[in-house]
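Asker: One-letter residues, chain by chain:
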Amino acid sequence: MPFIPHTEEDIKAMLEAIGVASIENLFDEIPAALRGRGLPDTPPPLSEMEAARLMRERAEADGHYLNFIGAGAYEHHIPAAVWRIAARGEFHSAYTPYQAEASQGTLQVLYEYQTMMASLTEMDVANASLYDGASALAEAVLMAARAHKSAKRVLLPATVHPAYRKVVQTIVRNQGIELVGVPYAPDTGHVAPEALAPFAGQDFAALVVPQPNFFGVLEPVDELADWARANRMFTIAVVNPLALAILKPPGEWGNSGADIAVGDGQPLGIPLASGGPYFGFMACRKELVRQMPGRIVGRTVDVDGKPGYTLTLQAREQHIRRSKATSNICTNQGLMVTAATIYMALLGPQGLAQVARTCHANVLMLLGNLTAIEGVERAFSGPIFHEAVLRLKTPVAPVLRALQAQGILGGLNLAHDCPELGHALLVCATETKNEEDLMLYAGHLARIIGRRFRPAPCAIKPKP
Amino acid sequence: MPFIPHTEEDIKAMLEAIGVASIENLFDEIPAALRGRGLPDTPPPLSEMEAARLMRERAEADGHYLNFIGAGAYEHHIPAAVWRIAARGEFHSAYTPYQAEASQGTLQVLYEYQTMMASLTEMDVANASLYDGASALAEAVLMAARAHKSAKRVLLPATVHPAYRKVVQTIVRNQGIELVGVPYAPDTGHVAPEALAPFAGQDFAALVVPQPNFFGVLEPVDELADWARANRMFTIAVVNPLALAILKPPGEWGNSGADIAVGDGQPLGIPLASGGPYFGFMACRKELVRQMPGRIVGRTVDVDGKPGYTLTLQAREQHIRRSKATSNICTNQGLMVTAATIYMALLGPQGLAQVARTCHANVLMLLGNLTAIEGVERAFSGPIFHEAVLRLKTPVAPVLRALQAQGILGGLNLAHDCPELGHALLVCATETKNEEDLMLYAGHLARIIGRRFRPAPCAIKPKP
Amino acid sequence: MLIFELSRRGRRNPTQAPAAVPEVSAIPESLRRSRPPLLPEVSELDAVRHYTALSQKNFSIDTHFYPLGSCTMKYNPRACDALAMLPQFLARHPAAPDDTGQGFLACMYELQETLKEVTGMAAVSLAPMAGAQGEFSGVAMIRAYHDSRGDAARTEMLVPDAAHGTNPASAVMCGYTAREIPTDRHGNVDLAALGAAVGSRTAGLMLTNPSTLGVFESAILDIEKIVHGAGGLLYYDGANLNAILGKVKPGDMGFDVIHLNLHKTFSTPHGGGGPGAGPVGVNAKLAPFLPLPLVALEKGGYRLLGERAAPLSIGRLSAHIGNAGVLLRAYVYVRLLGAQGMRRVGEFATLNANYLMAGLKKAGFEVAFPERRASHEFIVTLKRLKEETGVAAMDVAKRLLDKGFHAPTTYFPLLVAECLLIEPTETESKQTLDAFVAAMKEILAEARADPELVKKAPHTTPVRRLDDVRAARELDLVWNPAQGE
Amino acid sequence: MLIFELSRRGRRNPTQAPAAVPEVSAIPESLRRSRPPLLPEVSELDAVRHYTALSQKNFSIDTHFYPLGSCTMKYNPRACDALAMLPQFLARHPAAPDDTGQGFLACMYELQETLKEVTGMAAVSLAPMAGAQGEFSGVAMIRAYHDSRGDAARTEMLVPDAAHGTNPASAVMCGYTAREIPTDRHGNVDLAALGAAVGSRTAGLMLTNPSTLGVFESAILDIEKIVHGAGGLLYYDGANLNAILGKVKPGDMGFDVIHLNLHKTFSTPHGGGGPGAGPVGVNAKLAPFLPLPLVALEKGGYRLLGERAAPLSIGRLSAHIGNAGVLLRAYVYVRLLGAQGMRRVGEFATLNANYLMAGLKKAGFEVAFPERRASHEFIVTLKRLKEETGVAAMDVAKRLLDKGFHAPTTYFPLLVAECLLIEPTETESKQTLDAFVAAMKEILAEARADPELVKKAPHTTPVRRLDDVRAARELDLVWNPAQGE
Ligand SMILES: Cc1ncc(COP(=O)(O)O)c(C=O)c1O
Ligand SMILES: Cc1ncc(COP(=O)(O)O)c(C=O)c1O
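Residue numbers (our numbering), protein chains in the order written: chain B, 2 to 465; chain X, 2 to 465; chain V, 68 to 552; chain U, 68 to 552.
Since the hints were made in silico from the structure, they are not lab data.
It is possible that part of the hints are untrue.
Using 25 Å as the maximum straight-line C-alpha spacing, the simulated BS3-like pairs for lysine-lysine come out as follows [said to hold, decoys possible]:
hint, chain 1, residue 1, chain 2, residue 2
1, U, 429, X, 13
2, U, 470, B, 307
3, X, 13, U, 508
4, B, 13, V, 450
5, B, 325, B, 287
6, V, 352, V, 450
Covered stretches of chain U, as calculated for chain B (at least 3 residues, CB under 8 Å) [unchecked claim]:
hint, segment
7, 78-84
8, 111-122
9, 482-490
Estimated spans, in silico, between C-beta atoms of each pair [as the list claims (entries may be wrong)]:
hint, chain 1, residue 1, chain 2, residue 2, range
10, B, 408, V, 72, 25 to 33 Å
11, U, 87, V, 242, 51 to 59 Å
12, V, 242, B, 394, 45 to 53 Å
13, V, 367, B, 406, 45 to 53 Å
14, U, 97, X, 187, 16 to 24 Å
15, X, 378, B, 408, 44 to 52 Å
16, V, 520, U, 482, 47 to 55 Å
17, B, 232, V, 222, 32 to 40 Å
18, V, 457, U, 484, 55 to 63 Å
This structure is a prediction, so every number in the text was calculated from the model and none was measured.
Quick reminder that beta carbons are idealized off the backbone N, C-alpha and C, glycines included.
With the rest of the complex left out, here is chain B (with noise of 0.2 Å):
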């Protein structure tokens, strides 16, 4: 039987102690009605053998491209170190750590990924993650709400990720927040301080900050969070966490820095693998750490006075306040964040920011490669991290489709999310991609748009 040891002999032993005939018979509480209709739609079982072969089918069937999309998820290379120590039997198969003594693997591990996060965010504190990037902004924004008191609305500007947006409003809508859209400005393509003015004064739980935005764009971080101070809202930062190797951190905009920041933890050593699983990263002011939900672990000492880590302030959650704790959140992402903090670990400082910097000046390099290229243009004159929008004089549907039968995803098309953009086309170079990817991209582009293209003349040049 497929992963029940029992023998017949220890069937009928255990029948016996119980005391009952078959093991029907422990189904008696059941009404009979209920039991047994059986799964017709259900295939027979396959051998490990044959569901490899079905797997291997399907995952050669999917295929492997040259990838330009960013979007949110990002392609970067993972040390091979990373996995083979996350997927460790000891770490893979263990619960939350509910018995610390028995967990301080764990534990550590969500210590130190906790240091690192507030690290490289430079706020104070941080949990032991949240489901995803998406779902922790939600969460943010309820927490906002929740420490804010007076005010039942927040500011979301049209320039965080639409996804984002969407899940916001799934999760926060029946807790009667009203989300505030702020637009941007059509030429930087960031948030302009002067759209805020006509929310000034108002009462607004917190403004929501990404960086880089959805676009690519770097928003003007430092005003934007000290506007949302002045008008006693707070700063909620959305962040990519490896762009922070470079990018000034939450903690450090403005005068007095964001109050809340999340993000999405995927650039950090998790596989695409078509969208998950990621994990939520939340960090925040020590003020507001009893309204943070989800897990934390924090350093204690056991009866030795010898240092341990256990899961703390549990008494905002749901399963010791119920129905007035913080969250219903209850699991976290552990296994990626295991993932997350060796990959942090073997990067360090200056690796994260090396890759950082060469995501940078990759995509400036295709930037270059592609606007050289007779229309083909970039949407937006802010400064971008390794994202960036493009505008075509003709649809990108055709355009995408026509790369893809070459082996290469070209982008995301905008016409859907962002149809006052025209024909736009947001596309990303992380560090994985070499001159001759960025270089093979432009010459199919070129060809099927079937205009001329000529290579820019300095290789990390970026066109202004």
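Place chains X, V and U with the ligands on chain B using the hints.
Answerer: Relative to chain B, chains X, V and U with the ligands alone:
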């Protein structure tokens, strides 16, 4: 510096502690003329990301084939758990268990492995593995010669894998041991007991008996072992360990069993991997244990009387006995043996027998399909396990090339190793093949040689 | 030792980073980071050795019997993992066109179909990323349903007092008031109290069945009538589905909405607390509200459906598709089991629980509901032991760690005093269960002979009993270089 | 607990076996097995838990500093492993045509070329499966060379007394008599004795340089002249190449034949004792004798060469190509390092050894050759400690285990009394070396204050000191169901 953790500060402090000015000074006992000529032809370092890309491209270039080659290395399903556990750092990155107390994991695995191999072969004892099957056979020949004392000749039938015969030749030649061939019966494909008659009563140290033999055919092992014993020779069995799940084990051959059993452990959970690493196993009668080369693990007790495991009988080995050692072999194939032990534990006696039976049924079905094609026939009438020789009417090489173009590796061309067989092809089908695979092969073969293919009427009933 | 304490300034793993590139002149100074983050600077060997050593400080299914009630810690087949991590699956971008993921989407679609079959529901969405998010989605659908009918008066969600804390918390996340329903002395929902509580304000009832008390609500069909009769909907918390997998379908019991914990019943690895996956199933009338995306099979191809195809959906729960890799593992698991294998899960999980309960009874332990069958789990109460010896449930739990067993769930559900909620799962052998009973028996003897030994346990773990109060009072959540060890 | 003791008759993992098939009627009864082998019948969970637990009983590089002299236990990069195990590499059959393995063969060819460059030899064969098999091949080539010239009188192989035991054993495997050459008091080959030993019977000299005494034979050029002058050939045992990788080439020292231990210098995992790989390199005059197969680049394609292309070869050493997977790992390693990285290996291995030697000297330990530089390893002798306290080298080694360090090599080379051969390798940090010195210092103090504590060590390992004598006398090599635990 790749894999070197030293910081500038460390280096300075270390040089100071040693009392030298530079690292270069540490090499001052080496004649200056010899030092630092550089490595001009060595390419510059790659990052892991670059290396991964290079290796992935190379792996993809090698592609993926539907494989019907056996000939000493067999494609089997390897449960995912096998290498997930064997690859754990504690097994993977340990050395030979010289410090027994710090190596009980490896040592107990080896003891369990020895037990499993002794039991599969039904021999008294087994060692902790040798390099591979072919070199294990060479060691067995040397061992028989040492134990026999008087004779320096060994009977090595033509049905032994040709590569094995070559390896034995390479290794025993310089010790003045003569290898004498024994022909096979051209009808059955195995050694006919009559063929041995000329050697009766002569001074040979051993008769080597392969089971199954190179042609996939089963040897009359009872007769051969009894003949050897009657003629004061040791019987050296060369066996496929997986086949032993259903075939008579060497320890039970004839009236008193073989004396030494060797073989390649690859079928027990080791990937094909272009030829290695695999492992050789060796088992023997109790009386011969002190002549057995290679490492051996024994069970003993610690000072508290607790059972534990340790390398034993080291007095036979080179690091103690030096020039008088039973062999120069020092290393075993510990990691492969770890995998094989886990493989055998996962399969169990029934699982292993089912794998073996499925191989057998598949090759019979394959042979049924292939010999249903006009111009394709079995070369031998002897019973087989999972491999057999086919005879075609035309040269094999172009046929195999045409199959390869269809993604099929159709078997091993015997033109080189056994020209006497005409257009002969050695084919194998393991449990990894399903009915469609077998039909696909037959369909393509029929088309290629331009003959009609009538599928066998009953799937697993063999053509006689 | 923390990884930060191993760090030395200037230590590098150049192999892991791209070659150095110039500073990022195209980013204005004011947007750049001025000092590096406090990440460790260690060698690859340091990191591997450190995290390998940490892993060894964990109990886990791969190393220990782990009878953590309500958590279904059973063997996670290695095949599920290996096959979900095939390189092409790992490499695929979530926003890549559907036609680049037909293999992946086929698995998702078939998983959706299997879950429908297994639960007896009309439609399933795989989107929720954990049980609690499944609950949220389910309750949000209930609300969307009532709202769609203009039935705005329903503001209360009924939740038995035995329910998992996520149930009332999820109800509140959806804007409901959670109203508790008491449990009767046999561990069932108190039908009279339920009858009294339902009414026009009732949005629904959230039920776990078998309940977290380890018994099956045998009056489930009565409950169904009461709730539906009052116009409420019935929510099934599927965290305990392992007890009845393949035997009984929530849909047949009359549930309108369910969530499943794939990381429990479908054996995806728990990973030290996650990730999980919490698909939701609904009957036909709630289907339009399912969270997005959904996987559809259209004209021979698989496609992700979004807002346009499902305008009434409660919406999205994650930036992409949810925990895809977890779903893939669950898919392989159901394929390895097949119908008969799934049926056996429920049977043998139940057999193991009842056998273990019988063994512990015989060893002198008091079970909470001795007159009832255990489902896949059951409760031992140590109230009397505590009174007699001062040894509490937590002490017994800690002492089990010394004996090489992970502790059962302690002090949950809250309504049974000094309780241990014990769930052996179907993948453990009789030998292991016998060894557990023997260990519990030893502890009972120790508690009587030498209570301090038990009260001071554990003695053999990497740290001994930790000071939780200090952890919460003197918050130390982030390492600070100044503080040292 | 042995896996056999967990076994229960009838326990199965059906997922791991193909569906049952009928008995094998086509195989005569007399050739079939009549009773099943004694393999364990356990569940997948049992097996995973058992072998996971066993793994945790090992010291390894991934968990401990492992300064095992002559074994070069350095960090095995995970990338080498992961990339050698790409599915296509693992799936390829060894007898598949060369054109199905151009990617694989390109790696083999480039590895061959790099090893030539690194060692300064004219040609390399990757065929040998371990160091000892490399030695065998090398000596066999020496013999083939002399034979090819009709020089049959050369029957002696000279081997320094400090040499690894495989050296004389390999010489004997090739039909030579091994003649020992003594070491002088500085750890060098005694030149006078060597001069006296060479002659027309001399087939060659096998030398490890740096030697197993941890010093470089600085008179290597004199040795070369003496041996070559007598018509002998010079064999280089490359097990210690780590000391001089990228700094000094054996070819430049005048060696005619060498072997390398890729599982040492090229950091392939040691796997609890193997597999290894022992490629051999030769100068031009020995090239025709190289073992098979060789990898050639011809007309833009890679090809394996066999007997027809190399009729004078000493032959084959394995059924296929040798330990291909080990070679692939080594290939990735050299690519990650590049020329400069390999040079640093020698430099930092030497720096670490000399630093550790200085630290231990300062801590009060006596080193065997205090006047010499350490190469990548060095020897501590505890002769005086033994005399003073009764604590032997083995006791110190065992006590190190308690302190979380694997022991150095003990009692090798045999000519230094109570010796520890210590090799830190370049991948360990100064902090680790300092911690090791501190532990050794503690042990020294313990040996003086409480010698029994050290003599009874280890105290914290899964078993304490094992009875080796009993192991050899009452041989128990195979578990027997009757014997129980
Ligand atoms: C009964 C019950 N319901 C709900 C949940 C919540 O599931 P999750 O942790 O996946 O959010 C749990 C998990 O422990 C549970 O046991
Ligand atoms: C100096 C020396 N030579 C030769 C060898 C033999 O190498 P292998 O174990 O790979 O056969 C060793 C291995 O320990 C060694 O240290």
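Asker: So which of the earlier hints does this model not fit?
Answerer: Checked against the structure, the hints that fail are numbers 4, 6, 9, 10, 13, while the rest are satisfied.
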